[in-house]
Amino acid sequence: MTRSATFDAAIARQAVEWWVTLQSGDATETLRAACARWRAVNPEHERAWLHIENADRRMRHVSGTLGAAVAQAALRAPRSRGRRMAVKAIVGALFVGTGVWVANDPMAVQWLRADARTGPGERRTLRLADGTTLVLNTRSAVRLSMDGDVRRIGLVEGEIMVTTGKDAAHVPPRALIVATTHGTLEPLGTRFVARRIDGGRDACVQVFEGAVRVVPQGAPSDDRASVRIVRAGEQASFSARGVEAALPLAEGDGAWADGMLVTVDMRLDTFLAELSRYRRGYLRCDPAVASLRVSGTYPLADIDAILGVLPHALPVSVSSVTRYWVTIGPSRSVS
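Here full-length UniProt numbering is used: position 140 in the sequence shown is 140, and no number is missing along the way.
To be clear, the hints were calculated from the coordinates, so they are not data collected in a lab.
Warning: the hint list may mix true and false statements.
Simulated restraints, written as ranges between beta carbons of each label pair [claimed, not checked]: (1) Asn-42 <-> Pro-248: 34 to 40 Å; (2) Asp-149 <-> Arg-293: 48 to 54 Å; (3) Arg-37 <-> Arg-124: 30 to 36 Å; (4) Val-321 <-> Thr-133: 38 to 44 Å; (5) Ala-225 <-> Gly-259: 38 to 44 Å; (6) Pro-299 <-> Val-321: 24 to 30 Å; (7) Gly-189 <-> Gly-252: 36 to 42 Å.
Cross-link-like lysine to aspartate or glutamate pairs, in silico, EDC-like; alpha carbons within 20 Å at most [to be verified]: (8) Lys-166 <-> Glu-209; (9) Lys-166 <-> Asp-147; (10) Lys-166 <-> Glu-186; (11) Lys-166 <-> Glu-122; (12) Lys-166 <-> Asp-149.
Note that beta-carbon positions come from the ideal geometry of N, C-alpha and C, so glycine has one too.
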């Protein structure tokens, strides 16, 4: 697949959100100007937007389903489940349906086929038939296969916390595997987090109880040189190439499962990138303040409230044209 036919998954979704917003009755000139700024800030934004316009022209006369999805999304409240489902249908029609998607995220098409998923700011708890508890963080999707000889959870995208069940109906209990494009996680009676964000090159496992065997993609599970066991209190990044050395868990790791974000001396741009996963729209960090540090405990239920307190803790200002476009920049009192 050539570069011209590939798009970043997050940018594709943002472009569709903007496109749908501009179809609604709320499409003021202010909103149109904010969308224009989003398109101008990154060449990939403009490329995704032009792809939508071109695909829309090609499909307008042949796809009543696409038109219905646009109408449904534009008429619904931005945070409603109905709008989220309509937006996903549009993404599928305009990107997956035309044979193009994300080069660095080969499982992106699986998002539309996921057995469970969450939208921005949404958290969902599932209790599986084998007794396993699965918590999906914001913007996460999984595929489940629990009927065979192996219990399998496929992490398509995002972040999940797994508390393994005893599988009491089977003697002996079946193996449980969490699969990612980077490799598999084989829990050894445990509670752990698996994270794969926006098609990143690496995935991460954080172990809170028990231990997890990490097997990079393509490596046999008995290959001691490739496989690493990550134990309680440790975390490790891994890719298809191998597993990094385990590091201690950081303070607040896993707090998202309780609706909290805990930071200790985190760069502001990293902090805002994490917050952006929990809200719709574009959250921009001015490079002039990107290296400022943030520490604290923040409730994830209201991201705008968190943004509102930042100027009281740091020399920054928060400006917004609309709720979809927010910029964190230098304090207006600082030259």
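Worksheet item: Are there hints from earlier that the structure breaks, and if so, what are their numbers?
Response: 7 and 11
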